[in-house]
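S.K.: Protein chains in written order, with this note's numbering: chain A, -8 to 328; chain B, -8 to 328; chain C, -8 to 328; chain D, -8 to 328.
Just so you know, these hints were derived from the structure itself, not from any lab. Model, not experiment: these values are computed from the prediction. Treat the hints with care, as some may be off.
Copies of the same chain look alike in the list, so a pair counts if it works inside one copy or between any two.
Computed cross-link-like contacts, SDA-like style, restricted to lysine to any residue with a CA-CA straight-line distance of at most 20 angstroms [unchecked claim]:
(1) K311 / W323
(2) K36 / R238
(3) K7 / G309
(4) K58 / E135
(5) K36 / P295
(6) K58 / I267
(7) K58 / G309
(8) K36 / G16
(9) K311 / R219
(10) K7 / G46
(11) K311 / D70
Number of protein chains: 4
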Amino acid sequence: MLILMEQGATTEQIAKVCERVQEIGCTPHEIPGAIRTAIGITGNKGPLAPEAFHGLDGVAECVPVSKPYKLVSREVKPDATIVEVRGEKIGDGSMTVIAGPCSVESRDQIFRTAEAVAACGAKFLRGGAFKPRTSPYAFQGMKEEGLRLLEEVGREFDLRIVTEVKDTGTLDAVAEVADVLQIGARNMQNFSLLEAAGRLHKPILLKRGMSATLQELFMAAEYVLALRNYNVILCERGIRTFETMTRNTFDLSAVVMIKHHTHLPVIADPSHGVGIDWAVAPLAKAAIVAGADGVMVEVHPDPPNALSDGQQSLTFDGFKKLMGDLSDLATWQALHD
Amino acid sequence: MLILMEQGATTEQIAKVCERVQEIGCTPHEIPGAIRTAIGITGNKGPLAPEAFHGLDGVAECVPVSKPYKLVSREVKPDATIVEVRGEKIGDGSMTVIAGPCSVESRDQIFRTAEAVAACGAKFLRGGAFKPRTSPYAFQGMKEEGLRLLEEVGREFDLRIVTEVKDTGTLDAVAEVADVLQIGARNMQNFSLLEAAGRLHKPILLKRGMSATLQELFMAAEYVLALRNYNVILCERGIRTFETMTRNTFDLSAVVMIKHHTHLPVIADPSHGVGIDWAVAPLAKAAIVAGADGVMVEVHPDPPNALSDGQQSLTFDGFKKLMGDLSDLATWQALHD
Amino acid sequence: MLILMEQGATTEQIAKVCERVQEIGCTPHEIPGAIRTAIGITGNKGPLAPEAFHGLDGVAECVPVSKPYKLVSREVKPDATIVEVRGEKIGDGSMTVIAGPCSVESRDQIFRTAEAVAACGAKFLRGGAFKPRTSPYAFQGMKEEGLRLLEEVGREFDLRIVTEVKDTGTLDAVAEVADVLQIGARNMQNFSLLEAAGRLHKPILLKRGMSATLQELFMAAEYVLALRNYNVILCERGIRTFETMTRNTFDLSAVVMIKHHTHLPVIADPSHGVGIDWAVAPLAKAAIVAGADGVMVEVHPDPPNALSDGQQSLTFDGFKKLMGDLSDLATWQALHD
Amino acid sequence: MLILMEQGATTEQIAKVCERVQEIGCTPHEIPGAIRTAIGITGNKGPLAPEAFHGLDGVAECVPVSKPYKLVSREVKPDATIVEVRGEKIGDGSMTVIAGPCSVESRDQIFRTAEAVAACGAKFLRGGAFKPRTSPYAFQGMKEEGLRLLEEVGREFDLRIVTEVKDTGTLDAVAEVADVLQIGARNMQNFSLLEAAGRLHKPILLKRGMSATLQELFMAAEYVLALRNYNVILCERGIRTFETMTRNTFDLSAVVMIKHHTHLPVIADPSHGVGIDWAVAPLAKAAIVAGADGVMVEVHPDPPNALSDGQQSLTFDGFKKLMGDLSDLATWQALHD
């Protein structure tokens, strides 16, 4: 249930309502950003009786919430959430571009890439230092050394760092460097990691699991919001289907559904979504006109010799061309939405 | 294998090559539309020896074809196929819009819809007269009466009729009225129907099966092209995945793959792809910037009371707004592709 | 809705009820095989009022039917349907084995196989004469010549012939030879073919589509039962999943669900289900203890040189061993079910 | 690559080979349990030259390994691995039954269940203390208190405890009580957890992910074996498909594939596989005749009032009947395999 307070409700009135929620064994959540304050309730078994709150001062309305996801829902928080990362906003109607290599491979590689993406106007650099890999024998990333390079290169080119955290053991080290903590597709339902990362109150980029339904994605995000951390960005990166001509099936309708059903920003990752370099640009462009708040794309100085994901990485030239097109379309989209 | 003739090869030289192909037990296919003539070869078991053709006059090159689909492949025919339907071209870089109700329901319904979509600039009217339905007890369409209405309304508003043919028994009746024969998703691998429809040499709109891979779609189209009918338009209409928030999963990368791997035009059907009215427009717009040759959308005068697919049908107003946006984006796309 | 008549209800009383059903615009279906007569009603839009039948003589009870499939449902007909094929019963608790090659390839091949499977005790021979193939260039079967061979070999070894009908154009020819008409997975929702085949009142073996849900399978069978043809046998033959180590994913729970939710017999086809010769026997054995009424397996005199499906065909020796095991397990199962 | 030593090769000869492997930058793995010693090599990039080992004493043969999974492969270790758990063997040809509730709910519940399953002859008790749940608001298990109850009940009824570990933070606590550490489907690719659990050298029951391919399952197991822990039991528990009539699709062919391609024991979990109480027994029986080393089934004193998974739990009576049937079939299977 959601309790809507009257405009101008006082702090005391709100506190009173929260107390009552706790008295009946539930957890109150003040919902940020609305014109008037709303209080979400979680932890109840079965529906609550609105009568419990009717007598309290400042209460305007008690609204039942129909979905299993509550705090992520637009029903509960109609205003779009804007995640701010060192001065850059995601979800405010501007277009966010996160670009960089799959993995940090060397000083030279990450510096050259950072320079190129910054020159094209991107404000966010992606790059993995700890890589979860299907095979125990595959390249697992440069680890701590990779983090050091990310830290340095981010400062050098004023780029915000988006990098994956793959377990609780390395969370603190990654969080020192990351401006945005990426939780990968395989970890979407690693609830312990979600909780540990969520407690840091850093922005989290949560990737949809390879075969996850959107409701499961929303419930995973709910784990973070339930900790009162609203800095969550959802990411569509392709799902597993029978198709073999593409690496995954980029589910663009997910972008449309996320914007409709939740208040969280959404980033599209067509690089993983399709897995083929020449198909990234058309899908990135499509994501922007479908309403995505931005895109994440893989860029590499020398794709054929990348240690991972080379076949889906753009060259610097390809990225530059794409940035121009995205910028055009984002402008058009802002005028016509 | 593909035999490329020299520019200026004579009819006699081409005929000679075709004879030789038949002598070795295979079928020659002259490939239309290239600057110079190419001859595809099908029916061979295993690879052919190019030597069989080296001595023949006018032969420039013998190229092995690496894919199981041959005549639909860009490898074999690099030029895009343009399908002409009573003066309107599909696949020539213009944007095609096919609009109308799921089913013809009444004279009033189809006339009002046709008037509205024509007024917005669409040149193609969709509408089913024979409907394949999962349940034997569901509405199966107005059948012959529906065909009569389509014939009349098409003349009245100068719209080309796109309507589904569901079996060989009704093929002739449908083909009399249809400008484009639609083969539905459930019939994508109904090879007998593909062959019967293909022999009529009318344009065919072939929808991807609900769980078909793209290669299976291409092989299905190959059944028609093997009959020397190149008038095939492919259609992405969503595939079945685990997602339940949408009716199907609209696979936009299919559009990109079709344009890359085949020479056939591709139409996106976001109405079936997502199945929710408010999600149709963003996906239709996305399809255009991803390179689709056009879109097919469901439009109904009174969606809540439609006999089928009401929840995914646009109102007249919604369609009008969409047409403006698509036209903008198609213009942009033509300039930037 | 289902109307249960009293035991001993007269023919006139039953006829009266059927008349009343038609008066309200619906179709009555006398359900065969029950101790007392039941009358199913189809064609209604929305639920029916039981009051319409309360006054009629001989009516014991009016039961609402909760599922979209009606005549195939156990709710409507609790007795198991037994399909009789020239003296052999399928679904009566005995175990049915249908064996033979994927395709009829030659006189020698089909005669040798028939002899071998008959010697092992099988009463049904499978073999395709008309083969629907993904590629237009692949072997499409021996067609009419194949039918002639099946006719001859069936007589010679007293085997009932199970062979696929792939379209309405060849239905009559196939039906002349087939004791059981097989409708393949790709045609499960070819409703025109289902209706045409259903009207012949021959037994039909209906294979589950590659990505069909069980409800869709039941609805497809409903098309045949709605024509008052109850001679339908369902067949689980594997579904499409992400797994690539097997050809399909053999869904054994489908067998359990079919027996529970419908009254129709079910045959398991592990050959297509798994697609690997050495994996066929364990899955065939599993199907019997899970409650299947029988199995269909591919057997070939020389699997490595089969024109189709060689990799999933048993040798004669392999089949002989399997028959012994199945017979053991069927005996155990009959005692313990 | 795999190096097979001659029978009677000395410890020194083996050590020499291992040294050489390390010299070329790879990791040697002595493979346990074979008549003669084999040494697996991992960590190589690309294929190795067998010449590097030809001159060494005691080397019989160098065999290339064709699969990405190496140590789990039958190619590398033809002998079946037998996992011993406090005197009980899994994978030795006997049939293992792991039974108990989804979650430990109370002292009474777990003691009554343990008594019942032990009385029926089961040697392993399952029961979750830490439960990963899709929703942050759902029952997450009794946690430490649940572990205490499991410890006590295991001692009381001489049952080996199989319980899930859901993160590295609770691993040590769980491992103190668990005889077998269960890694759940959602954590199959939680490589950090696999490594942490693997290092404890306790038996691990690794469940297949909901949409994991078998190769991905094998690669996940490879993470544990690469730590020289061969005590891994694989578990098929159903995969996600389009079917909605069952909770998951129980993939019985996975059992057959695991036995063929790996040397690890396999347990079938039809309770999660199908999710419906009355369907568990037929699938459990099927798993045994298909070659599974055992089954894991959910049993609860009062299924309708279970806090989780009640709809798929057997009653004590149902379990007793099943145990009798499984024992019959396991005896038959042992004689006929």
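S.K.: Taking 20 angstroms as the upper bound on the Cα-Cα distance, should K36 and R238 be classified as within, between, both, or neither?
M.R.: neither (41 angstroms within a copy, 23 angstroms between copies)
S.K.: Could you figure out if K58 and E135 sit no more than 20 angstroms apart (CA to CA) within one copy, between two copies, both or neither?
M.R.: For K58 and E135, neither the intra-copy (41 angstroms) nor the inter-copy (31 angstroms) Cα distance is at most 20 angstroms.
S.K.: Are the CA atoms of K36 and G16 at most 20 angstroms apart within a copy, between copies, both, or neither?
M.R.: This pair counts as within: shortest intra-copy Cα distance 10 angstroms, inter-copy 47 angstroms.
S.K.: From the Cα coordinates, with 20 angstroms as the cut-off, is the pair K311 and R219 best called within, between, both, or neither?
M.R.: Classified as neither: same-chain Cα gap 38 angstroms, cross-chain 43 angstroms, threshold 20 angstroms.
S.K.: Evaluate K311 and D70 at a C-alpha cut-off of 20 angstroms and name the case that applies: within, between, both or neither.
M.R.: Classified as neither; 33 angstroms inside a copy, 28 angstroms across copies.
S.K.: Give the relationship of K36 and P295 under a CA distance limit of 20 angstroms: within one copy only, between copies only, both, or neither.
M.R.: between (54 angstroms within a copy, 17 angstroms between copies)
S.K.: Have a look at K58 and I267 and pick one of within, between, both or neither, based on CA distance no larger than 20 angstroms.
M.R.: Classified as between: cross-chain Cα gap 18 angstroms, same-chain 36 angstroms, threshold 20 angstroms.
S.K.: Which holds for K311 with W323 at a C-alpha limit of 20 angstroms: within a copy, between copies, both or neither?
M.R.: For K311 and W323, the Cα distance is within 20 angstroms both inside one copy (19 angstroms) and across copies (18 angstroms).
S.K.: For the identical chains here, do K7 and G309 meet the 20 angstroms Cα criterion within one copy, between copies, both, or neither?
M.R.: neither (57 angstroms within a copy, 46 angstroms between copies)
S.K.: For K58 and G309, with the copy left unspecified, which applies at a CA distance of at most 20 angstroms: within, between, both, or neither?
M.R.: neither (42 angstroms within a copy, 28 angstroms between copies)
S.K.: For K7 vs G46, is the C-alpha pair at or below 20 angstroms within one copy, between two copies, both, or neither?
M.R.: within (11 angstroms within a copy, 63 angstroms between copies)
Figure legend: structure checked against the earlier numbered hints; hints not met, in rising order: 2, 3, 4, 7, 9 and 11.
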